[in-house]
Amino acid sequence: YLFKCIDYAQLMGAKLIIVVPAAVSKTAPSLSKKEDWKNSVKAVQEVAKYAEKKDILLAIEPINRYETYLVNSVQDALDYAREVNSSHVKIMADTFHMNIEERDIPEAIRIAGNNLINVHIADSNRCSVGRGHINFKALIKALKGINYKYALTLEPLPPVSDPYLALEGGVSENIFDQYAAESIMGLKYFELIT
Numbered sequence: 001y002l003f004k005c006i007d008y009a010q011l012m013g014a015k016l017i018i019v020v021p022a023a024v025s026k027t028a029p030s031l032s033k034k035e036d037w038k039n040s041v042k043a044v045q046e047v048a049k050y051a052e053k054k055d056i057l058l059a060i061e062p063i064n065r066y067e068t069y070l071v072n073s074v075q076d077a078l079d080y081a082r083e084v085n086s087s088h089v090k091i092m093a094d095t096f097h098m099n100i101e102e103r104d105i106p107e108a109i110r111i112a113g114n115n116l117i118n119v120h121i122a123d124s125n126r127c128s129v130g131r132g133h134i135n136f137k138a139l140i141k142a143l144k145g146i147n148y149k150y151a152l153t154l155e156p157l158p159p160v161s162d163p164y165l166a167l168e169g170g171v172s173e174n175i176f177d178q179y180a181a182e183s184i185m186g187l188k189y190f191e192l193i194t
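Residue 28 in full-length UniProt numbering sits at position 28 of the sequence shown, and the numbers go up by one each step.
Some hints here could point you the wrong way.
The calculated label-pair distances, taken between Cβ atoms and stated as ranges, are [unchecked claim]: (1) 159 x 24: 13 to 21 Å; (2) 147 x 169: 38 to 46 Å; (3) 191 x 170: 28 to 36 Å; (4) 170 x 64: 37 to 45 Å; (5) 26 x 160: 18 to 26 Å; (6) 153 x 133: 18 to 26 Å.
Hints were generated in silico from the structure; no laboratory data involved.
Beta carbons are placed, not taken as given, at the ideal position from N, Cα and C, and that holds for glycine.
Assemble the whole structure, with the sequences as input and the hints as a guide.
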């Protein structure tokens, strides 16, 4: 699957793909966390060799503990990337998941430093910027502090029981436009005041 994603990324001119090291919705190890970690790292090492040949970066995404178990925090993602040991394996951050897993989101950004190559943006309730309680001013300041130069990818989802089903037409499409407009306006504001 990841090999095909790399091929598609190259065809589209994309510079990176996101890798979640364990299945989303799997919240317990198959064997032991240590064994699953080892097996996952070994698999991503093989993918990383292919990514290097295609010059595509792999961004390891930490996902909160309620959705998966292997890589939950920025520090987990850094440890994982270091163990894979490839110049083409970096990490990404997702403000929704960070809101659950990180004690201090700006500090996690600073710890990630130049290993951070993508950021998903949603507020604490997974809605648009400003509808929750994440301190985006501090987040933007931290990103500026590490000279972050990559994308901020909007990923707000509507407040329904299964937000992924909403992507399949379970809610009005207008909400996505509204959330995008609110998030862009909010991020521009926070960028101006930091």
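Does 13 to 21 Å hold as the CB distance between residue 159 and residue 24, or does it fail? holds, 19 Å
Does the hinted range 28 to 36 Å hold for residue 191 and residue 170 at CB? Taking Cβ atoms as reference, residue 191 and residue 170 lie about 32 Å apart, which means the hint holds.
Against the range 38 to 46 Å, how does the distance between the Cβ atoms of residue 147 and residue 169 compare: consistent or not? Roughly 40 Å apart at Cβ, these two residues keep to the hinted range, so it holds.
Range agreement (Cβ of residue 160 with Cβ of residue 26, hint 18 to 26 Å): holds, 22 Å
Range hint 18 to 26 Å (beta carbons of residue 153 and residue 133) holds or violated: The hint (18 to 26 Å, Cβ to Cβ) holds, given that residue 153 and residue 133 are roughly 21 Å apart.
So the hint says 37 to 45 Å: do the beta-carbon atoms of residue 170 and residue 64 match that? Check failed, 22 Å falls outside 37 to 45 Å.
The structure shown violates just one earlier hint, number 4.
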